[in-house]
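*Asks:* One letter stands for each residue in the lines below.
Protein chains: 2
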Amino acid sequence: MTKPVVGLNIPAEVGMALADVSTPALIIDLDAFEKNVKTMGIFIKDKGIRHRAHAKTHKSADIALYQMENGGACGICCQKVSEAETLVAGGVGDVLVTNQVVDPKKIDRLARLAGKARVLVCVDDLGNVDDLSNAATRYAVNIECLVEIDCGASRCGVQWGQPALEIAIKIAASDGLTFSGIQAYQGAAQHVRDFTDRKARITTAVQQVADTIKMLKQVNLECDIIGGAGTGSYYFEGTSGVYNEIQCGSYIFMDADYQRIKDEEGSFISEFENSLFIWTSIMSRAKRDQAICDAGLKAQSLDSGLPVIFGRDDIEYIKCSDEHGVISDPANVLELNEKLKLIPGHCDPTCNVYDWYVGVRGGVVECLWPVTARGMAY
Amino acid sequence: MTKPVVGLNIPAEVGMALADVSTPALIIDLDAFEKNVKTMGIFIKDKGIRHRAHAKTHKSADIALYQMENGGACGICCQKVSEAETLVAGGVGDVLVTNQVVDPKKIDRLARLAGKARVLVCVDDLGNVDDLSNAATRYAVNIECLVEIDCGASRCGVQWGQPALEIAIKIAASDGLTFSGIQAYQGAAQHVRDFTDRKARITTAVQQVADTIKMLKQVNLECDIIGGAGTGSYYFEGTSGVYNEIQCGSYIFMDADYQRIKDEEGSFISEFENSLFIWTSIMSRAKRDQAICDAGLKAQSLDSGLPVIFGRDDIEYIKCSDEHGVISDPANVLELNEKLKLIPGHCDPTCNVYDWYVGVRGGVVECLWPVTARGMAY
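Residue numbers (numbering that gives the first Met the number 0), protein chains in the order written: chain A, 0 to 377; chain B, 0 to 377.
Treat each hint with caution, since some may be false.
Taking lysine-lysine and the BS3-like style, the derived pairs with C-alpha atoms no more than 25 Å apart in a straight line are [stated by the list, open to error]:
#1 B:286 - A:213
#2 A:44 - A:198
#3 A:198 - B:318
#4 B:198 - B:213
#5 B:213 - A:286
#6 A:34 - A:46
#7 A:169 - A:213
#8 A:104 - B:338
#9 B:198 - A:318
#10 B:340 - A:104
#11 A:216 - A:169
#12 B:213 - A:169
#13 B:46 - B:286
Since the hints were made in silico from the structure, they are not lab data. Owing to the predicted nature of the structure, the values given are computational and were not obtained by experimental measurement.
Bound conformation, chain A alone:
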């Protein structure tokens, strides 16, 4: 392996001025990032709940450890076995895979990982309970299982009530497994713009969870973890009196889409600040009313819309192609090589195209964090 070179594999080095960071790069405003972590830490302490911070957003062991050490996170969530392996290798000792693991080889890896750290996983299939139990027994480890209920996202998860109960009972009776509770993440509610609509969806989810817990109690099954919630809804689950673990990811960075959801007064949610930006340069000024920047489709994910230029209302990112961003510049103010901060449309998949986070404070590069689990979708 060739030694990494600034400008080829790595966009910056520690001590460099932000102005000199190679573009496009993914930069973190460390002051805003730290404030976001702290804000969430205060919330959970205040409400007497736990926060299992979701690493699907950042895929970084450095950030996961920061969330645990400075934001009161009790552990980390992730979505894939390879992410869990990477986080444990990076020093995280408590990992929940908020997803089903059904492939025999992945189950095997998960069981091996449970010999190195506390490992939890979600289950929505009775046959999967047997497979997990066999693997845990084979390696003489314990895998903690949460029954996932579909509380409105219409993805994975069984129906609340009886179907969840059946799986819970089977887990509790299986060697090598512990029934640890319920996973109930309403993923489809997170980006709902309207406060009342968003709240109503979570109210429904909370009721389904509460009813399921009641049924579990009747067969003497207690839930150590009643988990779910994301940045768009955490306030509801976190104050529900039912959920005891929230699982926010995007709150550390925020993005353009999360800033379109509104609070009770119709304002945009404001307790978290934008800390994640795509640092981009103007590379063509051949036209009077538009400039071309170097952050296109390969520098971000467009699934939730175009990026927004941070701190500017005189110019607008209006079109994105593979390698170019078209910026409307009616007053013709942008110059060649001028640099801009873009707020990505959607932070999670945008982070997944970068190898490095460039941490910046006061205009100077303070740290470089690898996106440890970048591309790890296995």
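Could you slot chain B onto chain A? The hints should help.
*Replies:* What follows is chain B alone, placed relative to chain A:
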């Protein structure tokens, strides 16, 4: 650096059955891929033109060399200096950056690279000519420059005619630089569905290029390269009698969006086959009429729409979230752990989220090619 492990960093190993490849993975049907490369090789030989294959699609030195050795490609195009560096390091000796390079540090790197390989770059700014010339002189190298004209894509590039002429004259008069011709890529025409509309756009571009060449000839400037064209339009430029180099990328892989564009008879373009697939597994079957697969937003780019399930019309990929794909399965035929091939919506940015291509023939993994320049957008 830890040794790569199958299932963590690498989805497969040579000799493995396709069925055992870890999902989601990016697989290449080698028979279809080789046929596509051969088909393009026959076309350019037949028409007496050159093909400078575009590596922005695949970002792989292995594939670039294959295109040169087996498809008659005279050289390779790429979009970024870091891609060019990576391709040259991988053995490619002739690279055109089909883009502007204006950042002083990137110009410096480009000049250094010109000491190792034939290096060409596009220019749309008079000041940039000075900067390139200074860097080339500093390293005692020659950088070949193409004047980029905006022939309809409305991104980079100056207007055809006089503005292009001015830059060409300046390049020709600058130390360390060679004026090598015209870059005229109509990027906005590539995915236009209708044949007549697509053809009309290229006809306009060809006329602008022809007029510019005529003006250049009047000041004794000859174009070694008159280049442009992509998979959606190459037939028009390639038979125009004006362009002498085409620059196709997607033809090696194809994707769902390219299969929506039509030929003269209103049929879908059929000379190239799908050779690139996302290999995915069913990971949840908790609902009767839908299955969840493990290829979500982080396993592809959605900018050109959802992926299409290859070879199946009884099931449909209908929704994509960060980590999940929702597959409509009205007849309830999909089983847990069953595997499917997805045709990505857009091949280029989809390749950019993977570290490896898994080359498959006859159901067996034949090769693993690293996505050499993955994430290299600098």
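*Asks:* Evaluate each hint against the coordinates.
*Replies:* Outcome of the hint check:
1. B:286 - A:213: Roughly 24 Å separates the two Cα atoms, so the pair holds.
2. A:44 - A:198: Cα-Cα ~22 Å, so holds.
3. A:198 - B:318: This hinted pair holds, its Cα atoms lying about 23 Å apart.
4. B:198 - B:213: 22 Å, holds
5. B:213 - A:286: OK: residue 213 of chain B and residue 286 of chain A at ~24 Å, within 25 Å.
6. A:34 - A:46: With a Cα-Cα distance of about 18 Å, the restraint between residue 34 of chain A and residue 46 of chain A holds, given a limit of 25 Å.
7. A:169 - A:213: With a Cα-Cα distance of about 17 Å, the restraint between residue 169 of chain A and residue 213 of chain A holds, given a limit of 25 Å.
8. A:104 - B:338: The hint holds at about 14 Å.
9. B:198 - A:318: 23 Å, holds
10. B:340 - A:104: 20 Å, holds
11. A:216 - A:169: 15 Å, holds
12. B:213 - A:169: 80 Å, violated
13. B:46 - B:286: 54 Å, violated
Checked against the numbered hints above, the structure violates hints 12 and 13; every other hint is satisfied.
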